[in-house]
Amino acid sequence: MFTKHDRRAARDRRHRRVRRRVTGTAAQPRLAVFRSLHHIAVQVIDDERGHTVAAASTYEPQLRGAGGANVAAAGAVGRAIAERAIASGARRVVFDRGGYLYHGRVKALAEAARQSGLEF
633 MFTKHDRRAA
643 RDRRHRRVRR
653 RVTGTAAQPR
663 LAVFRSLHHI
673 AVQVIDDERG
683 HTVAAASTYE
693 PQLRGAGGAN
703 VAAAGAVGRA
713 IAERAIASGA
723 RRVVFDRGGY
733 LYHGRVKALA
743 EAARQSGLEF
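Converting from the sequence shown to my numbering requires adding 632 to each position, the first position being numbered 1.
Possibly wrong hints are sitting among the right ones.
[To be verified] Restraint-style ranges between C-beta atoms, simulated for each label pair:
| # | residue 1 | residue 2 | range |
| --- | --- | --- | --- |
| 1 | Phe666 | Ala704 | 12 to 22 Å |
| 2 | Gly721 | Ala641 | 30 to 40 Å |
| 3 | His735 | Arg645 | 29 to 39 Å |
| 4 | Glu680 | Phe634 | 14 to 24 Å |
| 5 | Val650 | Glu743 | 11 to 21 Å |
| 6 | Thr635 | Gly697 | 33 to 43 Å |
| 7 | Arg681 | Thr635 | 16 to 26 Å |
| 8 | Arg649 | Glu680 | 15 to 25 Å |
| 9 | Gly721 | Asp638 | 11 to 21 Å |
| 10 | Ala658 | Asp638 | 34 to 44 Å |
Quick caveat, the hints were computed from the structure, so don't treat them as lab data. Because the structure is a prediction, the values reported are computed rather than measured. Note that beta-carbon positions come from the ideal geometry of N, C-alpha and C, so glycine has one too.
Based on the sequences and whatever the hints tell you, model everything.
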């Protein structure tokens, strides 16, 4: 049986491995996902300048209504980040799943963002 610390360390290793290849630029920023037990958060980051271009999460009151830790809430966050990123001029992004499996909430967020106009 794995402990919480073993799982965290494994996710950190996966995230570092992915981040060696995935880098955001001004033309194509990085869409970074963070998934906790009760919430999901996403940022569009320009790594060259070290700036967050857009962000959305279930911590926000307007996105909290769908419930923080379910697929519907992840879809709402995906639609919100797509609107905000496009408004700031970032239509194309690279997807950084943050070491999480591309399944469930992470997949729902990505698909909602794609349907709302983000390209990745």
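Broken hints, by number: Of the numbered hints, 3, 4, 7 and 9 do not hold.
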